[in-house]
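*Asks:* In order, the protein sequences belong to chains A and B.
Mapping to numbering that gives the first Met the number 0: the first sequence position 31 is 30, numbers consecutive.
Mapping to numbering that gives the first Met the number 0: the second sequence position 46 is 45, numbers consecutive.
FYI, nobody ran anything at the bench for these hints, they're computed from the structure.
Note that the structure is predicted; figures quoted are calculated from it, not measured.
Beta carbons: idealized from backbone N, C-alpha and C, even for Gly.
Treat the hints with care, since some could be wrong.
Now the in silico label distances, taken between C-beta atoms and shown as ranges [as the list claims (entries may be wrong)]:
hint, chain 1, residue 1, chain 2, residue 2, range
1, A, 122, B, 72, 34 to 42 Å
2, A, 63, B, 175, 29 to 37 Å
3, B, 69, A, 19, 42 to 50 Å
4, B, 143, A, 196, 27 to 35 Å
5, A, 185, B, 151, 29 to 37 Å
6, B, 175, A, 22, 39 to 47 Å
7, A, 28, B, 66, 47 to 55 Å
8, B, 159, A, 18, 38 to 46 Å
9, B, 145, A, 164, 28 to 36 Å
10, B, 143, A, 122, 29 to 37 Å
11, B, 124, A, 61, 32 to 40 Å
12, B, 172, A, 193, 44 to 52 Å
The residues making up each chain are set out below.
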Amino acid sequence: MLLAFALPLALLLQQAPIADRLRGRVSPEIAALATELGTAAAARGLPLDPLIQKAIEGNAKGVPADRVAAAMRLVVSQLDASHTALRGSPALAADTVAVAAGAFALNAGLKDGDVAALSRSVADAPASDVIVGLRVAGTLVALGVPPAETVNLVQATLKAGRPAGELLGLPGQIQAQVAKGTPPAQAAAGLARAAAAQSRRGPPPGRGQPPARPGPPPHP
Amino acid sequence: MSEREFHSFVKQLLDGDITIADLPAELRSEGEEALRLLAAVDRRPVQLDGLTARVMAQIAEHPKRKFWRRVLQPREFRVRVRPWLMVPALAAAAALVLWIGRSGPPSSPASPALVTVRFVLSAPDAHEVSVAGTFNQWNADATPLVRTDAGVWTATLTLPAGEHQYAFVVDGVRWVPDPAAPAVDDGFGRRNSVLTL
């Protein structure tokens, strides 16, 4: 009898946050679709936030409902693909933040295999560092670095045992070199070689200390 | 059929614990009647045709097959719900749901670090500029930029660490990606700028 009450209640509790977050922000049609897609996605262990954000973004930009619906379905398919790609690392596959980070990387231009390779590349790296690595990888691809060079650079940096703050600094370093005329692929390859050399020399002093957050970037 | 309750001494007589002589005088007639009734019972062995064969067949049936037959065999059962039990049942169900929710998929940093970021857009001809993104629910009115003398618009925000997508909104209608930031497809045929902190 307990289950007979618990299951419908659990379903209602999953649907409630979606409806609450979308109330007054999107049309009832989009809200209904988001609730339907989100409830099914949550049951598969996927995060809800990217789907809800896409619905709100579509409405804010004045996009027709059919295109918002298509974009929402694309978001769910990328979350599913990310979830599948992360299965090689069960802890990451079960982490909704990691799944969202993988979906962002896929949307930026990485392939499923790239996400899987990044998640498996450093077995002893903390999950939080790999999540940052996935986000940074997506950002590097968005900057024009080809996927292969992106994966090499992020893997080399993770293997060098550098703190997450250094991973976050990679897009800025690429942008700085591109501003000087270096092609993005070449800039990434150079940074990857430097990280690999660091890896051969051993972890930098202070490894094991909490990673320091970078200071305020001069500009996004 | 009527039932008769015998005196406890008479029951002891029937059980063979005492004899009729041990009964008090006033109970002897009751004891004799009870003994007569007991004697009238037909105690011959009951013979049921084929019973042994059926019992042996049941015993011989493979335990696994028997299990699955019991599991899969449709059967009717009735549940009677007492209204006063609904309240604790609902409360227990709600507790179970909350417990399931608490033990759901883990997520990384519950309270991520905050990072201060400065947004800048050069738009000398614009009358108003704002920034909208995942950090303010894409609200084009929430974060206006301030114009400087040179037609440069700026805003400084403190955002949680993570990946954010955004765009500038020029004059309330034109969504413009940040020319100084990486960008990804927004799914609507435009580009969103990306900020990874």
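*Asks:* Quick one: are residue 69/B and residue 19/A within 42 to 50 Å, going by C-beta?
*Replies:* holds (46 Å)
*Asks:* Using the C-beta atoms of residue 172/B and residue 193/A, is the stated range 44 to 52 Å upheld?
*Replies:* About 45 Å separates the Cβ atoms of residue 172/B and residue 193/A, which means 44 to 52 Å holds.
*Asks:* Indicate whether the distance between the beta carbons of residue 28/A and residue 66/B respects the range 47 to 55 Å.
*Replies:* holds (50 Å)
*Asks:* Taking the CB of residue 145/B and the CB of residue 164/A, does the distance hold inside 28 to 36 Å?
*Replies:* Roughly 30 Å apart at Cβ, these two residues keep to the hinted range, so it holds.
*Asks:* Indicate whether the distance between the beta carbons of residue 175/B and residue 22/A respects the range 39 to 47 Å.
*Replies:* violated (29 Å)
*Asks:* Given the hint of 29 to 37 Å, is the C-beta distance from residue 185/A to residue 151/B inside that range or not?
*Replies:* Holds - the Cβ-Cβ distance for residue 185/A and residue 151/B, about 32 Å, lies within 29 to 37 Å.
*Asks:* Do residue 63/A and residue 175/B keep their Cβ atoms within the hinted range of 29 to 37 Å?
*Replies:* violated (20 Å)
*Asks:* Does the Cβ pair residue 124/B, residue 61/A satisfy 32 to 40 Å?
*Replies:* For residue 61/A against residue 124/B, whose Cβ atoms are near 22 Å apart, the range 32 to 40 Å is violated.
*Asks:* State, for the Cβ atoms of residue 143/B and residue 196/A, whether the hinted interval 27 to 35 Å holds or is violated.
*Replies:* At roughly 47 Å between Cβ atoms, residue 196/A and residue 143/B fall outside 27 to 35 Å, so the hint is violated.
*Asks:* Return holds or violated for the Cβ distance of residue 122/A and residue 72/B against the range 34 to 42 Å.
*Replies:* The hinted range 34 to 42 Å is violated for residue 122/A and residue 72/B, with Cβ atoms some 50 Å apart.
*Asks:* Mind checking the hinted window 29 to 37 Å against the Cβ distance between residue 143/B and residue 122/A?
*Replies:* violated (47 Å)
*Asks:* Do the beta carbons of residue 159/B and residue 18/A sit within 38 to 46 Å of each other?
*Replies:* violated (24 Å)
Of the numbered hints listed earlier, those contradicted by the structure are 1, 2, 4, 6, 8, 10 and 11.
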